[in-house]
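Take 0 as the starting number for the sequence shown in numbering that gives the first Met the number 0 and just add one per residue.
Simulated from the structure, these hints should not be mistaken for lab results.
Treat the hints loosely; a few may be bogus.
What follows is a set of in silico ranges between Cβ atoms, one per label pair, in the way DEER data are often shown [to be verified]:
| hint | residue 1 | residue 2 | range |
| --- | --- | --- | --- |
| 1 | K185 | P2 | 49 to 55 Å |
| 2 | K108 | T80 | 35 to 41 Å |
| 3 | I166 | R66 | 21 to 27 Å |
| 4 | D152 | R66 | 23 to 29 Å |
| 5 | T48 | N77 | 41 to 47 Å |
| 6 | E21 | A148 | 32 to 38 Å |
| 7 | H139 | P2 | 49 to 55 Å |
Under the rule of at most 27 Å between Cα atoms (straight-line distance), these lysine-lysine pairs were calculated in the DSSO-like manner [to be verified]:
| hint | residue 1 | residue 2 |
| --- | --- | --- |
| 8 | K108 | K94 |
| 9 | K5 | K36 |
| 10 | K54 | K36 |
| 11 | K5 | K33 |
| 12 | K108 | K54 |
These figures come from a predicted structure and were not determined experimentally.
From the three backbone atoms N, C-alpha and C, an ideal C-beta is built for every residue, glycine too.
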Amino acid sequence: MTPLTKRQRELFSALLRSFLEEGFANFTIDAATKRYKCSKSTVYALGDTRDAIIKRILISFFNEAARITQQQLATHKNPHTALTAYFEAIATSLKSASPAFMRDLTEVKVAQEIYGRNTKAALESIIQLIEAGIASGDFHAPNPRFLAAMITDTMQNIQCGAYAEHISAHDAYLELGRIVIASVRKSS
0 MTPLTKRQRE LFSALLRSFL EEGFANFTID AATKRYKCSK STVYALGDTR
50 DAIIKRILIS FFNEAARITQ QQLATHKNPH TALTAYFEAI ATSLKSASPA
100 FMRDLTEVKV AQEIYGRNTK AALESIIQLI EAGIASGDFH APNPRFLAAM
150 ITDTMQNIQC GAYAEHISAH DAYLELGRIV IASVRKSS
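Throw the hints in and build the complete structure from the sequences for me.
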């Protein structure tokens, strides 16, 4: 892929901010050229189609979120602090995401695949942290498979906006983290 010019990078950043604030279901190439006062070739440098542009921006957003969450895992060796930091990192990565952005992640086909893949990867990391905590004796989970199923269902519900009228995705991940940690913490 050809490196982006300064103007294309600025457009990319502006589109990412717009997606996070307003969603992206109604994104069009024509509207982008008018709003950002640029040529279609500048917009098309980000992708060959509307969906390709959305995909590129979302992949970049979630790659950065994954980098931050993985960095949290690397800095915490204790299973409890690592799991807490991991949930906080997930929540922080979604803090700037508006309800419209979260809705579009579940309604726009190209976004469903990307968000689903990232949610699955996050779930795998969470389960590995819990299993490591059980193996080290720091956590106790009488039925880890049930716990994994509960976390999976809750993350999917957050993903599809099932709690959106009650709680933001950011706060939902923080609360899920608190619930999971409380359920696996060994009593003293």
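Against the structure, the hints:
1. Distance hint check for K185 and P2: the Cβ-Cβ separation is about 51 Å, which falls inside the suggested range of 49 to 55 Å.
2. Checking the proposed 35 to 41 Å range against K108 and T80 shows it holds: the Cβ atoms sit about 38 Å from each other.
3. Separated by about 26 Å at the C-beta atoms, I166 and R66 satisfy the suggested range of 21 to 27 Å.
4. Remark: the range hint 23 to 29 Å for D152 to R66 is upheld by a beta-carbon distance near 27 Å.
5. Checked against the hint of 41 to 47 Å, the pair T48 and N77 passes, with Cβ atoms roughly 46 Å apart.
6. For the hinted restraint 32 to 38 Å between E21 and A148, the CB-CB distance of approximately 35 Å keeps it satisfied.
7. A hinted range of 49 to 55 Å holds for the C-beta pair H139 and P2, which are about 50 Å apart.
8. Restraint check: the Cα-Cα separation between K108 and K94 comes to about 23 Å, which is no more than 27 Å; the hinted pair holds.
9. A C-alpha spacing of about 15 Å is found between K5 and K36, which places the hinted pair at or below 27 Å, so the restraint holds.
10. Proposed proximity of K54 and K36 is supported: the alpha carbons are some 22 Å apart, at most 27 Å.
11. Distance hint between K5 and K33 is fulfilled; the C-alpha atoms sit about 19 Å from each other, no more than 27 Å.
12. At roughly 10 Å between alpha-carbon atoms, K108 and K54 fall within 27 Å of each other, so this suggested pair holds.
Checked against the numbered hints given earlier, the structure satisfies every one of them.
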